[in-house]
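There are 2 protein chains.
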Amino acid sequence: MAASAPSSSAAEPEPNSAYLRPPTSAYDSWCGVAHGCTRKLGMKICGFLQKNNSLDEKSRIGGSFKERQSSKNVLSCENRDPRFGHTETDFSNLFARDLLPAKNGEEPTMQFLLEVVDILTNYIRKTFDRSTKVLDFHHPHQLLEGIEGFNLELSDQPESLEQILVDCRDTLKYGVRTGHPRFFNQLSSGLDIIGLAGEWLTSTANTNMFTYEIAPVFVLMEQLTLKKMREIVGWPGGEGDGIFSPGGAISNMYSVMVARYKYYPEVKTKGMSAAPRLILFTSEHSHYSIKKAGAALGFGVENVILLKCDERGRVIPADLEAKIIDAKQKGYVPLFVNATAGSTVYGAFDPINEIADLCEKYNMWLHVDGAWGGGLLMSRKHRHKLSGIERANSVTWNPHKMMGVPLQCSAILVREKGLLQGCNQMCAGYLFQPDKQYDVTYDTGDKAIQCGRHVDIFKFWLMWKAKGTSGFEQHINKCLELSEYLYTKIKNREGYEMVFQGEPQHTNVCFWYLPPSLRGMPDCPERRERLHKVAPKIKAMMMESGTTMVGYQPQGDKVNFFRMVVSNPAATKSDIDFLIEEIERLGQDL
Amino acid sequence: MAASAPSSSAAEPEPNSAYLRPPTSAYDSWCGVAHGCTRKLGMKICGFLQKNNSLDEKSRIGGSFKERQSSKNVLSCENRDPRFGHTETDFSNLFARDLLPAKNGEEPTMQFLLEVVDILTNYIRKTFDRSTKVLDFHHPHQLLEGIEGFNLELSDQPESLEQILVDCRDTLKYGVRTGHPRFFNQLSSGLDIIGLAGEWLTSTANTNMFTYEIAPVFVLMEQLTLKKMREIVGWPGGEGDGIFSPGGAISNMYSVMVARYKYYPEVKTKGMSAAPRLILFTSEHSHYSIKKAGAALGFGVENVILLKCDERGRVIPADLEAKIIDAKQKGYVPLFVNATAGSTVYGAFDPINEIADLCEKYNMWLHVDGAWGGGLLMSRKHRHKLSGIERANSVTWNPHKMMGVPLQCSAILVREKGLLQGCNQMCAGYLFQPDKQYDVTYDTGDKAIQCGRHVDIFKFWLMWKAKGTSGFEQHINKCLELSEYLYTKIKNREGYEMVFQGEPQHTNVCFWYLPPSLRGMPDCPERRERLHKVAPKIKAMMMESGTTMVGYQPQGDKVNFFRMVVSNPAATKSDIDFLIEEIERLGQDL
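These protein sequence lines map, in sequence, to chains A and B. The numbering of the first sequence is our numbering, which starts it at 16 and goes up by one. The numbering of the second sequence is our numbering, which starts it at 16 and goes up by one.
Worth flagging that the hints you see were computed from the coordinates, not collected in a lab. Each hint should be verified, as a subset may be incorrect.
A pair counts as met if it fits within one copy or between any two copies, since identical chains are not told apart.
[Said to hold, decoys possible] Derived BS3-like pairs (lysine-lysine); straight-line CA-CA distance at most 30 Å:
1. Lys118 - Lys588
2. Lys343 - Lys285
3. Lys376 - Lys285
4. Lys506 - Lys396
Just need the whole structure built from these sequences, with the hints factored in.
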């Protein structure tokens with residue numbers, strides 16, 4: 016919606032309506048055909064398709080809500096033949112109370128939903144169009160003040176469906192197109208159409224994962240998909256357990272809970288005072304959720320020991336062993352090691368086998384946080400980077416990251432059956448009645464720390480059906496190739512410095528861009544201070560211009576650098592080239 | 016999809032196509048019009064609408080995938096005029112890889128999404144049609160074996176989009192219609208059209224709540240909505256803090272975490288060993304998530320003390336005080352009291368003011384679990400039941416329950432600012448850079464125990480816009496009236512016994528149905544044993560026949576009883592009547 020440039024696929028303009036933009040798709044063309052041969056038929060559907068394109072156009076060129084409303088009057092598509100009795104729906108006189116389950120609510124409901132779908136499909140089309148901006152940035156105070164009549168405040172009285180549709184358009188207009196081919200800002204990016212369809216269906220089904228009773232199909236899909244994931248991890252026969260959770264941080268939290276339950280089941284009843292001082296280990300490059308779990312679950316952050324990494328961000332096993340010994344000497348009990356498979360910033364893979372050896376030696380739980388890197392298991396070419404994962408006691412794997420599944424979709428896999436249930440069950444009688452007519456082992460709710468649980472499985476299952484394992488493999492390989500392309504392009508390019516040497520293990524490419532003014536300056540506090548400001552400045556300008564988005568951060572003693580990641584299936588080499596050009600364009604005078 | 020009876024709103028059948036069901040909506044009628052006057056136009060859209068109705072029809076009357084495929088050949092809508100070049104899309108030769116971002120992927124993408132929407136809108140229409148079954152029950156092994164070709168297994172190779180569409184239909188067919196007017200099985204029921212539209216938009220935007228950077232509009236909507244909720248709770252000026260979490264159990268977990276952080280902030284760093292033995296209090300009727308939180312966070316379940324309730328399920332304050340004193344005498348530290356506003360089974364409201372007095376007296380954190388009852392705050396008539404909630408330190412309130420918002424939508428509200436952030440923040444440099452160009456206090460991620468966080472706010476915000484506060488109030492009042500109707504209907508009816516006396520506080524109506532064979536039998540072990548089996552048997556028959564769904568459970572020493580709840584806006588008195596008739600029909604010979 017935020018595009019300032021015209022659509023890249025423009026065809027012949029529709030002659031009768033000055034306010035219509037040139038048709039950009041088959042749908043617009045059909046409407047053109049409709050006008051060309053008769054006005055008696057298909058007007059309804061044609062009308063809603065055209066009207067929204069036009070409204071959207073008005074919205075893009077500005078104009079208040081009132082102006083946008085009045086723009087409807089000039090739409091040629093609204094000249095209807097009254098004989099058919101299906102005049103343009105006037106949403107300004109319809110309200111939520113007129114929709115289903117209201118009496119006679121079926122037609123307005125269908126009308127309204129189709130209008131919404133039209134808004135969404137237009138958004139989708141433009142998201143994949145590189146001439147559309149990634150975002151139309153505004154500061155919080157600007158949005159709070161209400162831009163062009165977009166009023167975020169809630170009121171006592173209902174608004175018309177017309178206004179609701181405008182609100183939907185505005186919400187998308189001022190948002191960020193995370194599916195845009197040039198959105199590289201997070202580990203989760205892209206907009207998978209099958210996944211999206213799956214999510215639309217999920218919301219329509221609007222049910223809850225806690226019992227087979229009300230989610231029979233989804234519960235079975237979850238069970239089969241988790242088994243498949245465990246097979247891919249390499250556990251014999253795909254045996255074990257698991258559950259989808261609301262994100263990698265919660266999945267990691269599960270791993271710590273289950274480890275504690277395995278070694279000190281009495282903590283469930285008696286609390287942490289029943290156990291000795293327990294120590295969790297994770298690398299200094301690992302995700303902060305291990306520390307969050309340590310804090311939340313009552314271990315305390317100072318009992319989450321950070322391990323040193325090599326220059327590539329991979330944990331140094333010798334440091335782990337030294338710290339295990341140190342902890343034991345202090346009388347503490349080393350409980351748990353998190354090995355990261357694909358660190359957030361460097362994309363590093365910890366050496367799982369060496370860590371597994373230490374876990375066996377010292378009788379500790381091995382968790383692999385593959386939230387980001389787990390997807391590489393789908394690629395025969397890249398899965399060796401997770402070698403040893405089959406020795407893990409638990410694995411976090413977020414299909415919503417590298418596999419392109421819409422948010423949220425994260426799995427915690429546990430090798431030993433029964434632990435999740437044992438750890439979390441409270442046997443709520445109102446949900447988990449033992450005297451149901453079906454096999455109640457299919458009720459999953461007592462494995463979870465949640466009660467109600469959103470259906471996160473369907474979109475993923477549907478994508479797997481639609482792509483096959485081979486489709487995921489191709490996607491993973493392509494993303495890795497693109498990051499290799501970026502790495503090769505900039506590693507010796509003037510004005511670039513790599514944050515770590517050698518080809519990245521994942522799609523993370525970490526680099527500094529040095530504006531001409533900093534090139535050749537020797538390393539000194541002033542250079543570091545100035546370089547630290549470069550990435551934030553370029554990022555701010557990127558966001559203001561809306562052309563692309565990429566993340567940056569400091570790490571340890573390293574000043575702010577860009578972290579490029581590729582997980583978006585829409586990205587191509589041309590988008591990588593664009594990013595580099597854009598960084599240079601925005602950064603040249605800094 | 017599982018309906019065996021014809022649609023209740025049938026009109027004139029479409030004469031040309033033997034396989035088409037009678038039109039049930041304006042869309043079918045337009046297609047009829049299309050056939051009546053010209054076959055040249057609107058065929059595309061008409062075609063997809065009709066085809067799916069027909070497929071759906073075939074699916075309802077059985078038939079394999081192949082049969083369903085071949086049924087397409089008889090559709091009159093497919094006789095297209097080749098001049099328009101828009102032949103029926105053959106999805107059997109299209110795959111996920113042909114959709115966007117594929118080159119020329121736009122048209123198949125739009126086609127595919129419209130097909131999906133057609134499946135969903137058909138589902139929605141039927142869900143509100145009382146002649147449709149609530150569910151088409153099958154046992155796990157039946158679904159796993161693959162009914163009528165519905166194969167849940169994942170494979171290496173991709174399936175065609177045709178098969179994906181069939182999978183979508185089958186998924187809905189074998190699911191449970193939680194929006195059906197006769198679905199009373201859970202606290203969350205109904206299918207709000209505005210909320211649904213909001214969720215479709217949310218999935219299309221596919222972003223993450225952790226930073227303003229990538230969710231500017233949603234972050235502000237969350238902020239404004241939480242403020243509004245705090246105002247309604249009664250905290251001066253709506254001040255305070257809060258966050259949407261993945262459900263009431265997690266919201267309750269937050270309350271315990273924040274309470275601990277307020278009184279013993281050193282636990283974050285040093286773990287539970289830094290604190291004395293801390294005690295949490297909650298009623299024996301409260302939700303099991305307080306115990307889950309106690310177990311997970313390291314308190315231990317035996318430090319979650321259950322409080323006695325009166326015969327209506329409301330906590331007895333004197334029991335709380337006695338147990339506080341007892342804990343203190345043992346040298347433990349009473350930390351936290353959970354007062355339930357709307358218990359899961361009885362719908363009971365604990366006396367918040369009396370509990371608040373004790374919390375003040377003993378310097379304890381007061382949490383109100385209004386996951387289920389919080390919605391009553393929207394009703395001037397019923398909000399007195401939560402009197403005293405403004406004295407709480409934290410409140411759980413699930414709009415996805417009584418307010419009819421689609422799953423998941425749960426808020427944890429905290430009266431004191433800064434605690435959520437202090438409790439959970441880990442300052443991840445890669446997300447929460449302090450040197451961004453905007454006011455980074457709008458980045459919410461460090462308040463959460465999650466990292467990525469699903470956008471749960473938009474559907475709720477949009478519903479609030481569309482209904483207004485007044486619309487929620489009307490919905491709440493109507494649900495309470497319906498449950499009053501049920502209560503009045505059965506309290507003196509032959510064959511019914513109320514589980515507790517007096518009018519329910521919430522919509523929960525708890526009752527035993529006594530089959531004629533048990534009536535008049537004196538209370539004895541045999542009667543109890545037989546009565547215990549009645550509700551499960553009736554429930555199983557209900558599910559087999561698919562006509563309605565209602566929950567049952569035992570509670571304390573009470574044998575299985577039905578718990579009826581009303582939160583579904585589609586329910587009417589006739590549905591209440593139906594439920595009673597159905598229980599009597601199914602149960603008369605037990």
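Checklist entry - Given identical chains, is Lys343 near Lys285, meaning Cα to Cα at most 30 Å, within a copy, between copies, both, or neither? => result The answer is both: 23 Å in one copy and 17 Å across copies each meet 30 Å.
Item to check | 30 Å Cα threshold - placement of Lys396 relative to Lys506 | outcome: Cα proximity of Lys506 and Lys396: one copy only (23 Å, versus 69 Å across).
Checklist entry - With identical chains treated as interchangeable, where does the CA-CA distance between Lys376 and Lys285 reach 30 Å or less: within a copy, between copies, both, or neither? => result both (28 Å within a copy, 27 Å between copies)
Checklist entry - Quick one: Lys118 to Lys588, C-alpha cut-off 30 Å, is that within a copy, between copies, both, or neither? => result between (54 Å within a copy, 15 Å between copies)
Every hint from the earlier list agrees with this structure, and none is contradicted.
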